[in-house]
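*Asks:* Heads up: the sequence shown begins at 1 in the working numbering, then just goes up one per residue.
Careful: at least some of the hints might be erroneous.
Below, computed lysine-lysine pairings styled on DSS-like, alpha-carbon distance capped at 30 Å [what the hints assert, rightly or not]:
#, residue 1, residue 2
1, Lys143, Lys283
2, Lys143, Lys85
3, Lys283, Lys85
Derived by calculation from the structure, the hints in this document are not laboratory data.
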Amino acid sequence: MSLPLSVSPAVAAALDAGTPVVALESTIISHGLPRPDNLEAARAFEAILTGMGVVPATIAVLDGELKAGLTDEELVRIAGEDVPKLSVRDLPIVLARGGSGATTVAATSYIANLAGIRVFATGGLGGVHRGAAETFDESADLKVLSEVPITVVSAGVKSILDIPATLERLESLGVIVLGFGTSRFPSFWLTDSGFELDWSVPDAAAVADVMASRDELGQPAAILVANPLPVAEQLDPAVHDRALADALRMADERGLSGKEVTPFLLQTIVDLTGGESLAVNLKIAENNIRVAGEIARSWASR
């Protein structure tokens, strides 16, 4: 039985030629941004890479097929249809049913690796949730990154998560974490989470060097490139702190748990910041895509 993986002609040609390719997730399109702005953003994300001479490979599942690289018509579908969010464990089910869905960091990493794509840009990584000692609530992103040798560019993890616990888990799982031009771990909307990193790199070429070294050692885990927004572009820390505290309190008052918590917190923070956090989301995605494009070019040049 053949693998139900469809690699677009442009992505396949780039991979065959050894020219740069960057994977992009589709959950940010279908669930992270409001319509119709999400379609405009999806096209803009791909255009950033194309302008850098890098082939974009937006990842999704459509009609029972894993997709690495979407046509514009397929982007329209992901942006406009009510599709579920898919992690790795959901893939066998949606494929068996011939269904469609948008891919999380975990599923995007998994599918990109199947296609042979080495670099992936996302907004923020999933991680260990607050109160996980009681709930065991931890994103599947972490385990998948321990098993897939992809390089992920992310603005750290969202501050709604337990950041020190997430960093501990990444260490335990053998995921390399590199600060891109920084020794401090970012917390998505904020440039600096307050937590120090063991390793930092000055540029994309240094990331490519670590990728090559990791390959030589045969290590299976991912490299997480923690790429902070410039201070001038971050969400105002005072606004952030007030919104986060209020959102956490409101979630607690409502007795939310499990999968209910994250979407509630994110939407509440958007509301409490008057949409400022959403505008910062876009800056984060664009910033990470540019850095991923630089890394993909450095990797291809090797």
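*Asks:* Give a verdict on every hint.
*Replies:* Status of each hint after checking the structure:
1. Lys143 to Lys283: holds, 27 Å
2. Lys143 to Lys85: holds, 18 Å
3. Lys283 to Lys85: holds, 22 Å
In terms of the numbered hints stated before, the structure departs from none.
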